[in-house]
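Chemist: Sequence:
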Amino acid sequence: MIPRILRHTLRFPGRSLLSLVMAVICTSLVLVLPGITMRFIDVIIAQNRPDLILPTAGIGVAAILARQLLFSLRTFFNNILELKLTHLIRLELYSKLQRLPVKWFDVNSSGEIMSRVADDVPTMDRVIVEGIDQAFAAILQFLIVIGYMVWFSWRLTLVVLLPLPFIAAITWWWSRHSEKKWRASSEASSALNALLHDHLSGIRQIKAYTVEPEALHDFGQASLQVGEKHLTVMRGQAVVWPAVSFIAESGIILMVAFGAWWALHGQISPGVVISFLVAWGFLFDPISRINPLSQTFSKGVVAAKRVFAILDMPDESHLTEGLRPSTIQGEIRFEDVSFHYSEDSPAVSHLNLTARPGQTIALVGATGAGKSTVLNLLTRFYEPTSGRILLDGVPLEDLSKEWLRDQMGYVTQDNFLFNASLRENLKLAKSDATDEQIWSALQSANAADFVRALPEGLDTVAGERGIRFSGGEKQRLSIARALLKNPPLLLLDEATSALDNQTERMVQQALENLRSDRTCFVIAHRLSTVQKAHLICVLDQGKLVEQGTHQQLFAQGGVYRKLSEATLTTSTTKEPIP
1 MIPRILRHTL
11 RFPGRSLLSL
21 VMAVICTSLV
31 LVLPGITMRF
41 IDVIIAQNRP
51 DLILPTAGIG
61 VAAILARQLL
71 FSLRTFFNNI
81 LELKLTHLIR
91 LELYSKLQRL
101 PVKWFDVNSS
111 GEIMSRVADD
121 VPTMDRVIVE
131 GIDQAFAAIL
141 QFLIVIGYMV
151 WFSWRLTLVV
161 LLPLPFIAAI
171 TWWWSRHSEK
181 KWRASSEASS
191 ALNALLHDHL
201 SGIRQIKAYT
211 VEPEALHDFG
221 QASLQVGEKH
231 LTVMRGQAVV
241 WPAVSFIAES
251 GIILMVAFGA
261 WWALHGQISP
271 GVVISFLVAW
281 GFLFDPISRI
291 NPLSQTFSKG
301 VVAAKRVFAI
311 LDMPDESHLT
321 EGLRPSTIQG
331 EIRFEDVSFH
341 YSEDSPAVSH
351 LNLTARPGQT
361 IALVGATGAG
371 KSTVLNLLTR
381 FYEPTSGRIL
391 LDGVPLEDLS
401 KEWLRDQMGY
411 VTQDNFLFNA
421 SLRENLKLAK
431 SDATDEQIWS
441 ALQSANAADF
451 VRALPEGLDT
461 VAGERGIRFS
471 GGEKQRLSIA
481 RALLKNPPLL
491 LLDEATSALD
501 NQTERMVQQA
511 LENLRSDRTC
521 FVIAHRLSTV
531 QKAHLICVLD
541 QGKLVEQGTH
551 QQLFAQGGVY
561 RKLSEATLTT
571 STTKEPIP
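In this text, residue positions in the sequence shown follow UniProt numbering: the first is 1, and each later residue adds one.
Since the hints were derived computationally from the structure, they do not count as laboratory data. Accuracy of the hints is not assured; some may be wrong.
Result set (DSSO-like, lysine-lysine): computed pairs, CA atoms no more than 27 Å apart in a straight line [claimed, not checked]:
1) 430 with 401
2) 543 with 103
3) 543 with 485
4) 562 with 532
5) 427 with 96
6) 229 with 180
7) 485 with 562
8) 305 with 84
Predicted model only: the values in this text are computed from it and were never measured.
Using the sequences and the hints given, assemble the complete structure.
Modeler: Given below as structure tokens:
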């Protein structure tokens with residue numbers, strides 16, 4: 001995992017090399033302080049050379065100043081590198097999310113995905129900029145100081161190194177066990193984010209059903225879970241790192257004791273002992289960084305696994321690859337098509353259906369009959385379990401999904417508006433649309449009047465999920481978006497369900513204009529929408545049980561007639577077909 005993370009730095013080889021060079025120079029300057037200390041003891045004091053005090057002190061101050069300046073520059077460049085890496089990986093991750101199939105999003109919560117993009121990416125990059133960079137500097141500093149010590153006294157150096165095997169064993173054990181604990185902590189944080197996202201999205205339902213205490217309890221439990229998982233890591237660190245510090249600092253006593261003994265016997269100079277005491281701080285400074293570095297690496301590796309788990313997912317097949325016919329007639333044929341979300345519950349079963357070019361096909365049936373699934377199969381959000389769907393005689397699986405979806409206008413019951421201006425929301429259908437074209441589409445969808453009444457007009461921000469508009473207004477805006485796209489294929493999933501009867505009559509004319517000369521699939525409960533369809537298909541538990549015109553099906557006296565009579569019976573209350 002670490003080599004894979006490291007490969008990301010190759011995107012900026014110049015910056016990485018510059019940081020490496022500064023790290024080497026900055027680390028090498030740590031030898032100045034112990035060297036000058038030895039010179040003060042063994043030369044200036046021992047030989048009574050006051051004339052060397054100022055020059056020696058000046059060299060030491062200049063070296064320390066240079067080291068700190070290099071450290072500041074290195075920190076600055078590393079922060080820029082981290083920002084650039086985070087930006088690129090986030091773009092790569094977001095691009096990947098756009099290429100994943102819809103069914104992947106059915107089983108992964110929005111909060112979990114947001115956590116990976118917002119939190120895991122910078123945590124992973126911190127391994128590169130903070131972890132690996134500091135680890136390299138720490139190892140380099142350790143080796144330089146050891147070399148310095150061996151040069152002046154290899155025996156005293158061995159004494160200094162006595163605690164290291166014990167420290168290495170403890171840190172190795174902790175690094176093996178901490179990754180699992182950090183992973184549990186990260187997963188608990190993601191679960192908390194997912195719950196918070198759900199509660200904020202459903203805040204109106206929470207208030208409407210007065211379940212604020214229950215929601216608070218659930219959030220509190222999730223928050224406690226995060227704390228408990230994090231506390232598990234902290235407990236281990238509370239034992240491990242004090243033990244490491246105790247062993248390391250005990251080594252000072254051993255070093256001074258042996259150094260004093262050998263100095264008394266004239267085997268080393270007092271300046272070497274004092275110099276080793278100063279150098280010890282630089283030698284064990286990398287060890288003192290093991291705790292934060294270990295956390296950085298453990299958290300970063302866990303985050304990287306979560307990020308790469310998405311990046312390694314296979315792309316949605318045939319998203320850009322496949323045929324892109326230059327013309328489209330609009331004949332759609334279902335040949336023995338079946339689909340099930342799970343093996344126990346088929347959503348569509350052995351569907352055979354043909355829509356001629358320019359025909360409007362109405363899909364009716366009870367909730368859960370499979371109507372929306374048919375449209376999802378047409379858009380290839382899902383692939384048939386068996387059978388095939390053809391467009392102008394060409395199997396859909398041979399066509400580019402991107403091209404196919406570009407030929408469709410899709411208006412759903414749950415009309416989604418982004419938290420952007422109305423102009424930007426409408427231009428999703430046609431990026432180069434002029435304001436004149438936008439207003440024409442709004443007029444046809446009976447939405448122009450209420451948009452003109454807005455203080456900011458087309459520049460009005462819709463709010464999250466279009467919260468600033470009513471259900472009927474959002475639906476008319478979605479219809480306007482489809483009108484603006486002017487596609488050869490049209491899919492309407494309860495496109496007028498949120499409209500009152502008067503507004504519906506106005507929009508129906510716009511939809512009839514939109515449906516003309518193009519193939520259209522309509523899901524509708526209202527009889528007025530269904531009657532004018534060229535072919536009505538009645539679905540029941542995923543099976544096509546009846547098909548024909550309104551008059552034909554009504555005369556048969558089957559399922560469709562019962563639905564129609566239910567509508568006529570409840571027409572005074574303006575209820576839809578059940």
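Chemist: Against which earlier hints does the structure fall short, listed by number upward?
Modeler: 3 and 7
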